[in-house]
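Asks: The primary structure of each chain is shown beneath.
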Amino acid sequence: MLSVQGLRANVGDKEILKGLDLEVGAGEVHAIMGPNGSGKSTLAHVLAGREDYEVTGGSVTFEGRDLLDLDPEERACLGLFLAFQYPVELPGVNNTYFMKAALNAKRKYHGQGELDAVSFLRLMKGKLKVLHLDDSLLKRPVNVGFSGGEKKRNEIFQMALLEPRLAILDETDSGLDIDALRVVADGVNALRSPERSMLVVTHYQRLLDYIEPDYVHVLAKGRIARSGGKELALELEEKGYGWIVDEAAA
Amino acid sequence: MPEQRSGISRKSAEAEAEYGNLVRSEYEHGFVTNIASDTLPPGLDESVIETISQRKDEPLWMLDWRLAAYRKWLKMSTPQWAAVHYPPIDYQAISYFSAPKKTELKSLDEVDPVLLETYEKLGIPIEEQKALAGVAVDAVFDSVSVATTFREKLAEAGVIFCAISEAVQQYPELVRRYLGSVVPPTDNFYAGLNSAVFTDGTFVYVPKNTRCPMELSTYFRINEAKTGQFERTLIIAEEGSYVSYLEGCTAPQRDENQLHAAVVELIAMDNAEIKYSTVQNWYPGDEEGRGGIYNFVTKRGDCRGAGSKISWTQVETGSAITWKYPSCILRGDNSVGEFYSVAVTKGRQQADTGTKMIHLGKNTSSTIVSKGISAQHGIQSYRGLVRIAGKAQGARNHTQCDSLLIGDRCAANTFPYIEVKNPTAKMEHEATTSKISDDQLFYCRSRGLSEEDAVSMIVNGFCKEVFNELPMEFAVEAQKLLSISLEGAVG
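Read top to bottom, the protein sequences are chains H and V.
When we follow my numbering, the leftmost residue of the first sequence carries the number 1, and every step to the right adds one.
When we follow my numbering, the leftmost residue of the second sequence carries the number 1, and every step to the right adds one.
In short, the hints are calculated from the structure, not lab data.
A few of these clues could be false.
With a straight-line cut-off of 16 Å between C-alpha atoms, the simulated EDC-like cross-links for lysine to aspartate or glutamate are [said to hold, decoys possible]:
| # | chain 1 | residue 1 | chain 2 | residue 2 |
| --- | --- | --- | --- | --- |
| 1 | H | Lys127 | H | Glu163 |
| 2 | H | Lys108 | H | Glu74 |
| 3 | V | Lys435 | H | Glu89 |
| 4 | H | Lys230 | H | Asp209 |
| 5 | H | Lys108 | V | Asp453 |
| 6 | V | Lys208 | V | Glu239 |
Just the calculated beta-carbon pair ranges, DEER-fashion [as the list claims (entries may be wrong)]:
| # | chain 1 | residue 1 | chain 2 | residue 2 | range |
| --- | --- | --- | --- | --- | --- |
| 7 | V | Glu428 | H | Arg182 | 40 to 46 Å |
| 8 | V | Lys72 | H | Val144 | 29 to 35 Å |
| 9 | H | Arg192 | V | Glu288 | 53 to 59 Å |
| 10 | H | Asn36 | V | Asp408 | 30 to 36 Å |
| 11 | H | Arg140 | V | Ser450 | 22 to 28 Å |
| 12 | H | Gly228 | V | Glu465 | 30 to 36 Å |
Stretch by stretch, here's where chain V covers chain H in the computed footprint (C-beta under 8 Å, at least three residues) [to be verified]:
| # | region |
| --- | --- |
| 13 | 73-79 |
| 14 | 105-117 |
| 15 | 209-221 |
The beta-carbon is built from N, C-alpha and C at its ideal position, and this holds for glycine as well.
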């Protein structure tokens with residue numbers, strides 16, 4: 001599914017990713033943890049194709065394609081999805097309209113016919129049910145005036161509609177109270193499937209109580225410093241990141 | 001034919017020499033022009049105006065009106081206060097009468113392929129494409145019969161909808177009473193010129209307590225509507241009546257006339273409502289702005305009666321230069337004025353546009369929503385005046401001016417003028433300037449949308465409040481038009 005090898009990336013003159021390796025197989029859920037500034041969000045954005053990051057080395061293969069060679073929109077159409085830490089507001093752009101345009105862009109890319117308004121609404125209603133969401137978000141402009149919890153739920157809803165092959169959740173738990181966190185996590189869990197892989201980027205072990213990962217990786221100084229099963233997350237909760245960072249430095 | 005052809009190229013060479021780069025060179029665009037026999041040579045004096053009046057078979061009072069306007073115009077000078085730049089125009093180098101005044105091409109093969117591409121994207125039928133691009137239309141297409149049907153329906157309701165020159169003949173008392181009563185010939189330089197030499201335009205009269213049974217559009221008079229250089233529109237809505245008028249066309253229109261100086265006058269009596277919507281998409285010129293239309297228009301509505309309402313909605317995407325301030329005089333008590341505007345400038349386009357809301361009556365209210373979008377080297381200014389007269393007790397105004405910048409070489413200015421002479425007035429003014437952020441673009445792209453689709457979506461979202469005011473089909477077309485206008489304007 002996703003193979004990252006020796007990935008190096010800069011922001012400005014500063015090297016953030018310093019030779020990162022990561023293999024994600026179909027249906028697997030990987031948690032990426034690590035202290036502030038370790039490069040977690042950079043990894044998420046580099047994979048999604050943000051142009052502010054300069055890739056200086058390494059390779060990324062996604063579904064057999066050279067991911068780094070593709071525009072962000074093409075990556076999305078191939079089935080990569082980034083749930084933003086800070087979802088962006090689009091004033092005046094209706095949420096339903098936005099999602100319909102996104103889904104149809106993807107369908108078009110795959111040579112499928114565009115969905116008309118009626119079929120799209122039907123599909124959307126179905127997804128809302130699965131995620132136990134109400135439809136109050138749909139009539140409003142994208143993320144405008146949404147609470148933190150609504151924004152994150154909206155991201156998960158978009159993910160449900162676009163049915164990605166690889167979903168990257170960038171600190172989806174940040175800024176959420178425990179109830180909102182549960183709603184979001186339930187949504188994510190409902191979307192787990194043998195065909196869908198997930199990369200869950202998070203600061204805290206807390207989220208992993210709800211979204212149980214198959215693998216946990218600790219990012220430190222731009223590399224994966226340690227990998228393990230979900231028990232690694234518990235160990236981190238207890239001991240903090242310091243010891244791994246020290247090991248990485250040694 | 002060959003003699004005529006050489007005749008026109010010599011003429012255009014002369015005009016070219018006089019105008020400098022003002023006039024689009026016919027040769028450059030590969031036009032073959034058939035010149036109609038009754039075209040007046042360039043130049044303007046009283047005999048030219050007499051000839052125009054004579055050709056139009058006008059009554060004497062009309063000629064006198066024109067001549068009076070001309071004499072006053074001679075003493076006027078061009079307004080210099082707008083934030084637009086262009087070389088001086090030689091008014092003696094313009095021909096003020098020609099019928100038919102159209103550059104006819106033999107087939108669509110001769111039309112600028114870029115223009116045709118745009119027509120394709122807008123989904124315009126082939127016969128209409130020809131009409132718009134100035135190709136001779138051999139088949140009489142549907143709109144003529146459509147027009148006839150419409151005319152019958154309007155006549156039943158008692159609504160008059162015809163060319164202004166026809167109205168001068170048929171309804172002289174109405175024209176005489178109202179023409180120039182909102183925009184007097186002395187109003188400004190371009191209005192003065194228009195008053196002296198206008199040759200075409202539209203006349204609408206809606207009788208008392210009548211709701212016009214359909215949206216009126218010049219499109220339905222396509223057989224007679226050769227959009228003139230100096231158009232004159234007069235719309236009168238009698239007590240308790242309603243009319244919605246659509247002007248223009250989303251398809252880019254070419255015209256060999258560079259200067260357009262139209263005058264539009266609206267008059268709403270007690271409890272009457274006039275809704276006037278414009279989509280203006282004149283040729284903006286090439287990338288350097290050469291050959292684009294100068295659109296210097298005076299539009300004004302007079303809410304003459306109590307409880308009357310005039311609403312202007314405009315989508316301005318074309319022209320090299322736009323100078324335009326559709327305004328409302330809120331004379332009647334409780335009258336309402338509205339101005340909703342989207343203006344786009346890209347390439348080397350310049351627009352100085354806005355409105356004037358003159359509150360004279362009690363409890364009058366006005367709303368201004370202006371959305372300006374600038375891309376590439378586009379320059380755009382919102383210029384608006386809200387004046388509350390001393391007697392306008394309880395007047396209210398809400399103004400919202402938003403500018404959206406795309407790229408870093410364009411400019412947006414806002415010039416709000418507010419004059420309040422009555423202490424009970426309530427004024428609200430909001431202005432914002434924003435850019436399409438990289439975050440927004442990346443967000444859309446990460447959902448699978450191309451950069452261009454993302455821009456068009458964000459821009460359409462920005463303009464939503466204005467598009468909501470347009471009649472349904474017009475709104476859809478306007479959205480499409482906006483997307484097309486901004487193609488390639490990013491990055």
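Asks: Against this structure, judge whether each hint is valid.
Replies: Each hint tested on the structure:
1. H:Lys127 - H:Glu163: 10 Å, holds
2. H:Lys108 - H:Glu74: Measuring from Cα to Cα gives roughly 11 Å; hence the hint holds.
3. V:Lys435 - H:Glu89: 13 Å, holds
4. H:Lys230 - H:Asp209: 10 Å, holds
5. H:Lys108 - V:Asp453: 13 Å, holds
6. V:Lys208 - V:Glu239: Holds: Lys208 (chain V) and Glu239 (chain V) sit about 5 Å apart, inside 16 Å.
7. V:Glu428 - H:Arg182: 40 to 46 Å: 43 Å, holds
8. V:Lys72 - H:Val144: 29 to 35 Å: 52 Å, violated
9. H:Arg192 - V:Glu288: 53 to 59 Å: 57 Å, holds
10. H:Asn36 - V:Asp408: 30 to 36 Å: Since Asn36 (chain H) and Asp408 (chain V) have Cβ atoms about 33 Å apart, the given range 30 to 36 Å holds.
11. H:Arg140 - V:Ser450: 22 to 28 Å: 24 Å, holds
12. H:Gly228 - V:Glu465: 30 to 36 Å: 54 Å, violated
13. 73-79: holds (count 4)
14. 105-117: holds (count 3)
15. 209-221: violated (count 0)
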